[in-house]
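J.: Put together the whole structure using the sequences plus the hints.
Protein chains: 4
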Amino acid sequence: MALCTESEIVVRYAETDRMGVVYYANYLIWMEVGRTDYLAEIGFPYSSLERDGVLFPACNASIRFFRPSYYEDRLAVLTSIESLQSRKVMFGYRVMRGNELVVSGKTEHICVDFQMRVKKIPAKLFKALKASIDGTGKVGR
Amino acid sequence: MALCTESEIVVRYAETDRMGVVYYANYLIWMEVGRTDYLAEIGFPYSSLERDGVLFPACNASIRFFRPSYYEDRLAVLTSIESLQSRKVMFGYRVMRGNELVVSGKTEHICVDFQMRVKKIPAKLFKALKASIDGTGKVGR
Amino acid sequence: MALCTESEIVVRYAETDRMGVVYYANYLIWMEVGRTDYLAEIGFPYSSLERDGVLFPACNASIRFFRPSYYEDRLAVLTSIESLQSRKVMFGYRVMRGNELVVSGKTEHICVDFQMRVKKIPAKLFKALKASIDGTGKVGR
Amino acid sequence: MALCTESEIVVRYAETDRMGVVYYANYLIWMEVGRTDYLAEIGFPYSSLERDGVLFPACNASIRFFRPSYYEDRLAVLTSIESLQSRKVMFGYRVMRGNELVVSGKTEHICVDFQMRVKKIPAKLFKALKASIDGTGKVGR
Numbered sequence: 418m419a420l421c422t423e424s425e426i427v428v429r430y431a432e433t434d435r436m437g438v439v440y441y442a443n444y445l446i447w448m449e450v451g452r453t454d455y456l457a458e459i460g461f462p463y464s465s466l467e468r469d470g471v472l473f474p475a476c477n478a479s480i481r482f483f484r485p486s487y488y489e490d491r492l493a494v495l496t497s498i499e500s501l502q503s504r505k506v507m508f509g510y511r512v513m514r515g516n517e518l519v520v521s522g523k524t525e526h527i528c529v530d531f532q533m534r535v536k537k538i539p540a541k542l543f544k545a546l547k548a549s550i551d552g553t554g555k556v557g558r
Numbered sequence: 418m419a420l421c422t423e424s425e426i427v428v429r430y431a432e433t434d435r436m437g438v439v440y441y442a443n444y445l446i447w448m449e450v451g452r453t454d455y456l457a458e459i460g461f462p463y464s465s466l467e468r469d470g471v472l473f474p475a476c477n478a479s480i481r482f483f484r485p486s487y488y489e490d491r492l493a494v495l496t497s498i499e500s501l502q503s504r505k506v507m508f509g510y511r512v513m514r515g516n517e518l519v520v521s522g523k524t525e526h527i528c529v530d531f532q533m534r535v536k537k538i539p540a541k542l543f544k545a546l547k548a549s550i551d552g553t554g555k556v557g558r
Numbered sequence: 418m419a420l421c422t423e424s425e426i427v428v429r430y431a432e433t434d435r436m437g438v439v440y441y442a443n444y445l446i447w448m449e450v451g452r453t454d455y456l457a458e459i460g461f462p463y464s465s466l467e468r469d470g471v472l473f474p475a476c477n478a479s480i481r482f483f484r485p486s487y488y489e490d491r492l493a494v495l496t497s498i499e500s501l502q503s504r505k506v507m508f509g510y511r512v513m514r515g516n517e518l519v520v521s522g523k524t525e526h527i528c529v530d531f532q533m534r535v536k537k538i539p540a541k542l543f544k545a546l547k548a549s550i551d552g553t554g555k556v557g558r
Numbered sequence: 418m419a420l421c422t423e424s425e426i427v428v429r430y431a432e433t434d435r436m437g438v439v440y441y442a443n444y445l446i447w448m449e450v451g452r453t454d455y456l457a458e459i460g461f462p463y464s465s466l467e468r469d470g471v472l473f474p475a476c477n478a479s480i481r482f483f484r485p486s487y488y489e490d491r492l493a494v495l496t497s498i499e500s501l502q503s504r505k506v507m508f509g510y511r512v513m514r515g516n517e518l519v520v521s522g523k524t525e526h527i528c529v530d531f532q533m534r535v536k537k538i539p540a541k542l543f544k545a546l547k548a549s550i551d552g553t554g555k556v557g558r
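Residue numbers (the numbering used here), protein chains in the order written: chain A, 418 to 558; chain B, 418 to 558; chain C, 418 to 558; chain D, 418 to 558.
No lab work stands behind these hints: they were computed from the structure.
Copies of the same chain look alike in the list, so a pair counts if it works inside one copy or between any two.
Below, computed lysine to any residue pairings styled on SDA-like, alpha-carbon distance capped at 20 Å: (1) 523 / 477; (2) 523 / 483; (3) 505 / 479; (4) 523 / 479; (5) 541 / 462; (6) 523 / 476.
T.: Laid out in C-alpha cells, this is it:
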C-alpha cells in the first residue's frame with residue numbers, strides 16, 4: 418500500500434484572519450509540514466537533502482477549500498505522492514478535522530541544484546520515493 | 418478593455434526562506450493584495466463589503482511558479498477577473514518583475530454572509546464587477 | 418511550585434529566512450503557542466475565553482535573541498506567568514533547544530471586552546491564574 | 418537633524434487575526450521594512466550588505482502596543498537610529514496612523530559575518546550610519 422503520512426497541526430492564533438477562520442495561504446505552509454514529515458519518514462529529511470544540494474522548489478500548486486478551520490482546531494495533514502518522474506515529484510494532501518475534509522491540494526516540485534539548475538532526482542532518493550508509492554518501503558515507525 | 422490593476426510589492430526579508438528566495442505561500446498573500454486593489458478601484462473596498470456582510474472566502478486556488486523572486490525585488494501584481502457568475506468570481510494574477518513572469522495564478526471566491534451561507538453577489542457589486550470586465554467601468558484613477 | 422508549561426515546536430521551512438535561520442518575528446508566534454497551552458492547561462482555553470468576551474491583546478513585548486534556530490529543529494517553549502494584576506497578566510517564555518537557551522521573552526496582556534474596553538480579569542480565571550503561580554493549581558497532565 | 422525615514426504600510430488581510438485587528442508579530446515585520454528603507458536611504462541596501470558578508474541579526478527587540486490597527490489602514494513606519502556602537506546598532510520605530518501612535522518599538526542588531534561571528538561594522542557603513550544620526554548625511558530623496 419502506498420505510504421500516507423499524517424502530520425498533526427494545532428491551529429495557531431496567528432494563522433487566523435479577521436473572518437475568524439484560518440487564512441488561506443497557511444494551508445500551503447501546512448502542506449510543507451506534511452512534505453517534511455513524508456521525506457523524514459522515508460529516511461531523507463529535507464534539511465539533509467538540501468545540505469547535499471538537492472532542492473525541490475514548487476513549480477505548481479493547487480488547493481480546494483471545502484470548509485473553514487478555526488483557532489485551536491486539531492487537524493491532520495495526510496500526505497502521499499501523486500506522481501513521480503525522473504526530475505519531478507507531485508505530492509497530494511488532505512487536511513482533515515476528524516472525518517471532515519477541510520482542504521485538499523497538490524504541489525509539484527522540480528529537482529534543482531544550488532544554482533537552481535534542473536537535475537535528476539538522485540538514484541537513492543528516487544528509489545525510496547518509488548518504494549513508498551509501491552508500498553514496498555519501510556513505512557512503520 | 419477589461420480592467421487590470423497593478424499593485425506594487427517590494428519583497429520583505431520576512432517573505433524569504435532559507436533557499437534565499439520568496440517562500441511559495443507568500444504569492445497567495447500578494448494575490449490578496451491584488452484583489453484588494455482591484456475591488457477598491459471599482460469602488461467596493463473589501464473592508465466595506467465585509468461590513469455589509471458580503472464575504473468572499475476562497476474555494477479554489479492554483480499557482481504556477483516560473484521564476485524565483487528575491488529580497489528587495491520590486492514586483493507588480495497584475496489582477497483581472499477571469500470569470501464571473503451570480504455567486505462566484507474568479508480572479509487571475511500575474512506577478513511580474515519588469516518583463517519577466519515570476520508567477521501566475523487564479524483564485525475562485527464564493528459569496529457568503531456572516532454565517533458562511535452562500536448567497537448571490539449583491540446587484541450593485543455584480544454590476545460593477547461586470548462593467549470592469551466589459552471595459553465599461555470607471556477605470557481611471 | 419509555579420506552573421511552567423512546555424510546548425513543542427518543530428521549525429517549519431516557512432519560518433526560516435534567507436539568512437538560513439528562523440526569522441525573528443516567529444518567536445512571538447511561538448510565544449502565543451506557549452500562552453495557548455498554558456491557558457488550556459489551567460482549564461481556560463483561550464478560544465472559550467474569547468467566546469465569553471474575555472480578550473487579552475498584548476500591550477508590551479520584549480525578546481532577547483541568544484542563538485539562531487534552524488529548519489527542522491525541535492524546540493521547547495517554556496511558559497510561565499511573571500506577574501499578575503487585576504487587569505493585566507505578564508507571561509515569560511524561554512525557547513530551548515535541548516539545554517541551549519535560544520530566545521527569552523515577555524509579553525504583557527490587558528484584559529478587554531469585545532469593544533476593546535479595559536476590564537477586570539473575571540474572578541474564576543483570576544483565581545486559576547493565581548493558583549498556577551502559587552503552585553496550588555492542578556498542574557499535572 | 419537626525420534622519421528619520423518614513424515607510425508606507427497598507428495593512429493586508431493576511432496580517433489580521435480573528436480579533437479583527439493586526440496580529441502582534443506583524444509589527445516586527447513592518448519594523449524590518451522600516452530598517453530596509455533606512456539603510457537604502459543612506460546608500461547601503463541591506464541586500465548588498467549581505468552580499469558582502471555584513472549581516473545584522475537582531476539580538477533584542479521591544480514593542481509597546483498603544484492602539485490596534487485594521488485591514489486596509491494606511492500606516493507610516495517612522496524609523497531612526499537610537500544608538501550606534503562599533504559592533505551594534507539600535508533602531509527605533511513609531512508606527513503611526515495619521516497622528517495616532519499605534520505602536521512604538523526598538524530592535525538592536527549585532528554585526529556578524531557569514532559564520533555568525535561578531536565583527537566590527539565596516540568603516541564606510543559606520544560613517545554613513547553616524548552621519549545619518551548627526552544630520553550630516555545626504556538625507557533628501
